[in-house]
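Let chain S serve as the given structure and place chain A on it in line with the hints.
Heads up: the protein sequence lines correspond to chains S and A, in order. Read in order, the letters of the first sequence correspond to residues 1 to 109 in this note's numbering. Read in order, the letters of the second sequence correspond to residues 1 to 116 in this note's numbering.
FYI, nobody ran anything at the bench for these hints, they're computed from the structure. Keep in mind that this is a model prediction, so the values were computed, not measured. Just so you know, even glycine gets a beta-carbon here, dropped at the ideal spot from N, CA and C. A portion of the hints provided could be inaccurate.
Using 25 Å as the maximum straight-line C-alpha spacing, the simulated DSS-like pairs for lysine-lysine come out as follows [said to hold, decoys possible]:
hint, chain 1, residue 1, chain 2, residue 2
1, A, Lys-44, S, Lys-9
2, A, Lys-15, A, Lys-71
3, S, Lys-101, A, Lys-71
4, S, Lys-101, S, Lys-9
5, A, Lys-11, S, Lys-65
6, A, Lys-44, A, Lys-83
7, S, Lys-22, S, Lys-73
8, S, Lys-22, A, Lys-83
9, A, Lys-11, S, Lys-101
10, A, Lys-83, S, Lys-101
Cβ-Cβ distance ranges computed for the label pairs, FRET-style [said to hold, decoys possible]:
hint, chain 1, residue 1, chain 2, residue 2, range
11, S, Thr-60, A, Gln-17, 41 to 49 Å
12, S, Ile-56, A, Ala-5, 44 to 52 Å
13, S, Phe-76, A, Gly-40, 25 to 33 Å
14, S, Arg-91, A, Gly-40, 20 to 28 Å
15, S, Gly-66, A, Ala-5, 41 to 49 Å
16, S, Ser-104, A, Ile-12, 19 to 27 Å
17, A, Asp-74, S, Ala-1, 28 to 36 Å
18, A, Lys-62, S, Gly-66, 36 to 44 Å
19, S, Phe-76, A, Gln-17, 44 to 52 Å
Listed here are the chains, written in short residue letters.
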Amino acid sequence: AQRVTQPEKLLSVFKGAPVELKCNYSYSGSPELFWYVQYSRQRLQLLLRHISRESIKGFTADLNKGETSFHLKKPFAQEEDSAMYYCALSRNSGYALNFGKGTSLLVTP
Amino acid sequence: EAGVAQSPRYKIIEKRQSVAFWCNPISGHATLYWYQQILGQGPKLLIQFQNNGVVDDSQLPKDRFSAERLKGVDSTLKIQPAKLEDSAVYLCASSLGTMSTSYEQYFGPGTRLTVT
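Only chain S is shown next, with the shape it has when bound in the complex (with noise of 0.2 Å):
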């Protein structure tokens, strides 16, 4: 069975500080991972994924096998993050999308 698990609800962080929103995921074989995020009053949109090993908006993720997790990291936090971030796995490209509960960051000044 396919579990993502994003153990913080809310992650607060002052502008300028390290912000890291963990994920932890479950799944028998090689699942693609994603990080989505939605802003206030926008839709849900793809941040990043783990195949195309690209930096977006200064955050990144690694894909720790071993540990099963795919955590996203940012070194320096900005207001204009903060926004609800969610995990999502995929069992293989072009398949549905299981994700996390979402973890809310706010980047405060």
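Using the frame of chain S, we list chain A on its own:
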């Protein structure tokens, strides 16, 4: 390009009534998904279409929910009869297809359903 369109944006009904949601995916997108997002949870897949065929409806409560995608473009999701626990945001998403570079899912604004 225009994004995924959904209507209505908000709907309030009484339990045991029926309701229908409409989704228009991005032009040319072969795959369409309906997700249900209950407050405090992440989106959960209800049904996935590839063109007008169903790929996955394993989590669709088929005794009350139905969905169709005639002609492989627009889609309608129906609930009949609604229960209190159906109160949620219903999200539609679409993607180009199943090729590894084209499967990014684009989400609509969602329909917020309140069942009283």
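Please write out, lowest number first, the hints stated earlier that are contradicted by the structure.
-> 2, 3, 5, 8, 12
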